[in-house]
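Asker: Once you've looked at the hints, go ahead and assemble the two chains, each given alone in its own frame, into the complex.
Protein chains in written order, with our numbering: chain A, 1 to 332; chain B, 1001 to 1266.
Calculated from the structure, these hints are not laboratory results.
Bear in mind that the values here come from a model prediction, so they are computed numbers and not experimental data.
Backbone N, C-alpha and C define an ideal beta-carbon position, used for all residues, glycine too.
Please note: incorrect hints may appear among the correct ones.
Calculated cross-link-like contacts (lysine to any residue; reagent style SDA-like; alpha-carbon spacing at most 20 Å) [unchecked claim]: (1) Lys303(A) - Glu1263(B); (2) Lys234(A) - Glu258(A); (3) Lys303(A) - Arg1261(B); (4) Lys294(A) - Asp1016(B); (5) Lys303(A) - Gln1241(B).
Which residues of chain A face chain B? A partial, calculated answer using Cβ under 8 Å [stated by the list, open to error]: (6) Thr102; (7) Val196; (8) Val202; (9) Asn300; (10) Gly316.
Take a look at the letters that make up each chain.
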Amino acid sequence: MSTNNEVWVWAEQRNGRLMDVSLEILGKATELAGEIGGSTAAILLGDDVQGLAEELVAYGVGKVYLFSDRQLAYYQSDAYTRLISELVEEKKPEIMLLGATTIGMDLAPSVAARVKTGLTAHSCSLEIDNSGNKPQLIAAVPGWGGGMIVNILCPDHTPQMATVSPGVSEKPVRSDQGEGKIISMDVILNDSDFRVRTVEMVEQLPEGIQIDEADIVVSGGYGMKSAGGLEPLKELAETLGAALGGTRPVLDEGWIRESSMIGVSGKIISPKLLFSIGASGANHYSAGFTKAGKVVAVNNDPKAAIFDLCDIGIVGDVNEIIPVLIEKLKEQ
Amino acid sequence: MSLNIVVCVKQVANPDYFSEITLDPETGAIQREKVPSVLNPVDENAIEEALRLREKYSGKVTAISMGPPQAKEVLDWALTLGADEAILLCDRAFAAGDTLATAYVLAAGIKAICPVDIIFCGNEAVDGATQQVGPQIAELLGYPHVSNVKELIVNENKTALATRIIEYGHLKIEANLPVLVSVSREINEPRTATAEGIFSLMDKVFTTWSLEDVKVDEKNIGLTGSPTRVGKVYEQKNERQRLILEGAPEEMVNTTIEKLRQEELI
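Extracted from the complex, chain B is given alone in its bound form (with noise of 0.2 Å):
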């Protein structure tokens, strides 16, 4: 069985640097300037997972991404960690799309490699966190999926088994490929990059599709085609009393209790 296996990766600010994000006083813009990019977590555990499954069986893993030119390092990254080929989708006119707008170009980028057995998204995005664009690249694409996937099974005949995490346990479903996975961290322990790999990445091929090489309505696209609006960006305002203790242990410790005794809090 040969698979034709897409992986959906994202670059995002480093979550390390989200303390250093701060807001232009004076026009309330979003400063992260300082802040580097790395590529989203959790996709690297959704290549480690398109590469065991090309390796298991056989076939192809070609990479896809939206963004701008830089986001070119993290394609980079699945290439050297095995992927085949790399797709990104670069345009001016892609630009400030929300979630539905992200995944219909997304989604236009994989039609253009269709047939696909099956095609991995990271659960969510540790910038926005939304874990909208795995489940909507899906639904434009008329594909079924499965989200939060912790374990997955991939069956010679094309079937597979998945378990999906739920709050205080998990679900098994059934389904036929092809289909949309979005993985959890648990679901492998990724790989990490060889000198071989490194050294591959001159044989790769690397493609840049722009606005006229997908098959897109402009309607549907960037800000134009996003249902959503942002709207005031602010930080977010955690206002205590700040009484800060230093001495003695048994002191400090007292002073607390008969402040929360007071307050009929203990």
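This is chain A alone, in the form it adopts within the complex (with noise of 0.2 Å):
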């Protein structure tokens, strides 16, 4: 099948918002594009829409395909699966991106198995290998709780699909020369696209900083059940400006909430500094910062696997060192 040398991205909005992940994607397709000798496309379903698609133009997409019902405000997955899979089967873009978020995940494997081609989930980096015939996309994955990484190729099929972690690429930066095209679709449904309806969408968006867009972050582990909680920790990123995050058993001791979470089926997080503070250190937990950039961890066990991930490694009782850690911190 030969494609038309495009990379395509889903760009989910919810509420009338572009998620960030669906922007830093856009950043990676159009380095893939350049790659390839090919150019971008995004395709944004939803509602009274045309100011997000305007949007994408500024952040540098070739191509907008808009398709805007009221009907399409919130994720349908026939719908969406239907209208997106028919485009891709008409156009045949080389490479297709959607954001691996929780709804991402849903749309991106119905598209796949309906135009038949192969897709490759949660990517943790994604590369062009240009020394064949046409351009293969290497998708890296995290395998087996993230201490393995696998390479996954789609070779004989098209589009080559991947959802992508959020985090991976930065977003591309904003200007009001794009030049891109926005083209309106024709939006036909019918009720086989409703067989399941979603009615509503309740979100509670968070206030204060995110462990995915702070400069410092500090995270919590088990280990910080002998202080009865993160209440210290809250203390030290407060006194450091820092964004509080925790590993998976701190979100099952409901400590933190599901979007704080660090690690492979969390969230990956590149901060200037991390501080990591009674987590042992386990792959699925520690894959989700290998793109921090400094790593202080604090445990009290010598061997914790912690200590072969950290740049500075403090070996103590987290009761002792939180509070002198504050202390000193606010002496200046």
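Answerer: So this is what it looks like as structure tokens:
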């Protein structure tokens, strides 16, 4: 199947907001398109989202396929899958990327199964191999809890599809000089597009600085149990102007929200500085901060894996170290 | 109302032993001999949801899996917990499939026991964690689906209302049966096995289906049917300076702060 040499992204919107990861993958798509000598396009579905299409143009996309309809306001799996699959089959992009959000991870496999192509899940790195007779997308994914990285290829089918984890690439620079075209698509929907129907979306957006945006992150592990929870780390985070996150066991204890969990099944973070406190350093956690600039670890067990994964390791009891840390930081 | 319910399960490497999975330094092959296998954790919740639904109405729960002969263990577990029948799709020809080829074989197995009212899957397997097989089974069967479900209400008139997790919230989704539902761990508290359940095992129907028993196009199964290929596998590198401090808290903290200030990180 000959393709149009384009790299596509699905631009996800919720309540009229573009998801950050959609802009990040647009940045990656622009880079990949450069390497295969092609261009980029975004697919945007929603209700009254012309403004978001213009945003995508400002972020440098080549084309926006805009599907606008009142019934497309929320994610509707049947309708979204059909509209996207039909366009993919008609235009034949070489590569298609979707953000690995809870919704992207649902839409992508449906589209891949419909158009019968390969899909790589929550990729953490994307490269092009131009050595063969066609550009080959190499999508790396964390396996077995993140201890291994596996490269996945899709040699004979198109589009070469991948979902991409948040934080893998950077948003492109925004400019008002974007020259991309917005193509308004005719939307004809029928009953079979709504065998399942999203009737309501409830969102409680978190307040304050988030772990995937902050320059400094303080992360707590299950070792904070001896301190009765994360309270001491809240003060440390405040002192540093840092965001507070944690490991899976800490989430299971209810000390943080899902959106603050670091790791393969949570967020991949890349702060300039990470304090990891009371966490042993299991693979599925540590794979979430391989891109952190500097890692300071505090743990009472000198044999803990975290001490192989840090720049500065403090072997000691969290109950003794944290108060001193806060006091010294405040001293200036 | 009687419901024909299918629950898809997978045998996976025990996640507690993931750190023991290594690469053969010469061949680069994955070594996981020492790692015991278990039922994929969230599949317990899928089984539980299926059993509760059968108990509320009536009907039958069939557990299905694709895997090597030893995957019978996880199906036996499903039967012990209360599933009525179990089917293992087992053939060398099915092996090495990616999510699409795996979903194709599972869909073919489910087709053989259709009409089905509801199919349950766990939202993700802990090994590959792709979350792809559930939606792909649905797509290949022509069923609608809802993923990441933390609450499900099935009504007498074969309609359902699902609460589906998204970042920072949820979606409310209405559905008509038949539907495929991938569940999250929050959906229920799985039961444990009883002695009665263990004794019941010998009376239950366990079937193994090989390539000859299911209607599949051999082009679509195993490695041949997989659009993706696995390339290089390597261990996650996390190279750090590893300056490890021991001693008095105040000294360790002072050293740390000094270094971070030097680098203008704080």
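Asker: Tell me, in ascending order, the numbers of any earlier hints that this structure violates.
Answerer: Per hint list: 1, 3, 4 and 9 violated.
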